[in-house]
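Undergrad: Could you build all of it, start to finish, from the sequences and the hints given here?
2 protein chains.
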Amino acid sequence: MKQTEGGVTAAKGFSAAGVCASIKYKDRLDMALITSKAPCRAAGTFTQNVVKAAPVVWDQKIVERSSFVQAIVANAGIANACTGAQGMECCEWEAECAGELLGIPKEAVLVASTGVIGMQIPVEKITSGIKMLVQAQKDTLEAGWEAARAIMTTDTVPKQIAVETEIGGKKVTLGGICKGSGMIHPNMCTMLCFITTDANISKEMLQKAVSADVVDSFNMISVDGDTSTNDTLLVLANGLAGNPEITQEGRDYDAFCEALHFVTISLAKKMAGDGEGATALFEAKVVGAATKEDARKLAKSVICSSLTKAAVFGHDANWGRILCALGYSGAAFDPENVDLYLESRAGRLHIFGNGVACDYSEKEAANILSQPEVTALADMHMGGEEASAWGCDLSYDYVRINADYRS
Amino acid sequence: MKQTEGGVTAAKGFSAAGVCASIKYKDRLDMALITSKAPCRAAGTFTQNVVKAAPVVWDQKIVERSSFVQAIVANAGIANACTGAQGMECCEWEAECAGELLGIPKEAVLVASTGVIGMQIPVEKITSGIKMLVQAQKDTLEAGWEAARAIMTTDTVPKQIAVETEIGGKKVTLGGICKGSGMIHPNMCTMLCFITTDANISKEMLQKAVSADVVDSFNMISVDGDTSTNDTLLVLANGLAGNPEITQEGRDYDAFCEALHFVTISLAKKMAGDGEGATALFEAKVVGAATKEDARKLAKSVICSSLTKAAVFGHDANWGRILCALGYSGAAFDPENVDLYLESRAGRLHIFGNGVACDYSEKEAANILSQPEVTALADMHMGGEEASAWGCDLSYDYVRINADYRS
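Chain order of the listed sequences is A and B. Positions 1 to 407 (the working numbering) are the ones given, in order, by the first sequence. Positions 1 to 407 (the working numbering) are the ones given, in order, by the second sequence.
Heads up, none of these hints are tricks.
Dumping the calculated BS3-like pairs for lysine-lysine here, alpha-carbon to alpha-carbon at most 25 Å:
#, chain 1, residue 1, chain 2, residue 2
1, B, Lys171, B, Lys208
2, B, Lys26, A, Lys363
3, B, Lys363, A, Lys24
4, A, Lys297, A, Lys208
5, B, Lys269, B, Lys297
6, B, Lys297, A, Lys297
7, B, Lys26, B, Lys131
8, B, Lys170, B, Lys203
9, A, Lys269, A, Lys292
10, A, Lys203, A, Lys170
11, A, Lys125, A, Lys106
12, A, Lys26, B, Lys363
13, A, Lys138, A, Lys26
14, B, Lys363, B, Lys285
15, A, Lys363, B, Lys24
Beyond 10 Å from chain B on every Cβ pair, some chain A residues (computed):
#, residue
16, Cys20
17, Lys26
18, Arg28
19, Glu64
20, Glu89
21, Glu124
22, Ser128
23, Glu142
24, Thr156
25, Thr247
26, Gly250
27, Tyr253
28, Asp254
29, Lys285
30, Arg348
FYI, nobody ran anything at the bench for these hints, they're computed from the structure. In this text, a Cβ means the ideal position worked out from N, Cα and C, and glycines have one as well.
TA: Written out as structure tokens, the structure is:
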């Protein structure tokens, strides 16, 4: 398995485009299209928020019921959430319009939106956007990059990754794009993530792989603790790699899952590191936990702590906040037995052990914390389980961005 | 029942003091003492954080086992949390030292600390502080106010309240002081709250009243979602009002609970409104919920949402974030049936209903949101249960205060 160039157009048979449809933003790409020349098996995971955006409702139905999928239409600027019947009609129109132009049924078209909640998408703009997208689509790596740019909201950088692996003697490629960067606390973020692959894999095994994967990838990141109405992960597999179909667990399935996990973890970390106002990617790694579930709870509690995040922003080794966040995670442990470390490319420091602060240098700690990627490592000394979670620091810019997002 | 002057010295037989012991801060009051001239029944609720500060461990034992309590010694600046055996020894020393000077056993002395986690309290400073406190204590309202000032950390104002009621033909007084204002997400906040009363009530009924009360008072506020290691609520009842002892449920118990709830809700709202960096008290009120537990979850989810809080700071009626927070609260509901309103002393506005935005004036909404106390009201139309939760907006100053708290 090795990382390769590109994103959603890295795998065989996929095309993409990004255009400026002026849905809400002006003078930037705000609509994306991903298509496959062959029918795809589709899998997805979606927000667990009771309030689900219209595109989430549409996609859940398509992923569950359609025999194949061949396109994803996405827009940034307006989330099409809390938009009632009109919002649902808009989704259906998007699918119908794209389907007609692409020569596929509307049931083969997935839709996704991100942006302000509560506004209706202007139908004439999205219609002309879809026409532009269908004309503009290409199978080049650059076209995939434009799709990645077109789904950004407050993201500062586009996010894509691709990987190659070998399955059943054939080269299989997976590539993905995603956007963050606020309202990120995926329980299955306003995260949108689209992954394409040329792997030949049954729909059942594809969904199984995706559902298992998110537990330790997207569900382990948080920017602000707000689970969006629009969180959507879609994975399309068109089978063009020509590997024998993966229909059960085994070596081929494992290879697929490993490659999928590389893509999801890479994209999850990119989202966390580019959280609204973030100056650093902040990882909490828990080792020696009694159970896997405890390890996840502990790690996630630390990266969700506003106080810890503000301290990371201030490069202040306020480890008491980390220990405090472990303490309210819901997992049982003995504080006297916990070892806490801070680490980054600047080094590693033991800061807490035997129930009290270690004799560490505050200057060295501040240096470790001033790096772009910082890890808090907690060894619980209770067992063999571990987990990592990813978030970001809490900065003035988070407040600035969100105090007046709509204007 | 009516509000009256003062705080912890409002009830008969209580004295207090606040002194400058330079525990960590300089040139400000940082130690407080509350004493009763008669032995008190004591009740308390404490942090549910697995990591409990040494004073919490001490107080839990005293409240549970001691036949009476007669004093509370508190300090600000250092939390005495994550301080190991030395931290526990410090608590015992504080109790012993105060007990000796006051002529009561150490088992009648409760202790409380708030401030930085992980530092040891300097024993010589706390010892001289206790001596000063014992000499300075008075039964005046002013002395209670000084105690309220002495327990502040990042609080901008001291917080106290008192109320009079009649029980069994006698005037009964309850008064309290508290401090916030970060790491506030009480599950039973670094909240310290001390309430005194001259009511005559059995220990069992006092604890019952306190435990029932916090569910809808202190446990319904949040500043930043971080449950502290030091949260402590202590209630002392010395019986000097002379009412017939409350030993069971009934009219007297109800009158006591009503007065207690007035004190706790008043103090809880003061804490929420003075959250770190807060410019407004933000209340979420949920009505028409199916169950009381759902109503609490829904209300608390809204006041905990960073995005909603940032929008309140920006006076931006971004109601989509409110609906989103209701959606991930864990309570089931149909978004199509929810009515959302914004209200403050500037008026009341219907902003969401029938699944879509109402036709409201953004200018009017911004005016409502620019008041010092703002309420988001959600009618779920599912039943008759309601609950309120209190928090604050999320401002630049929250980040400033917490990026470098220790220096």
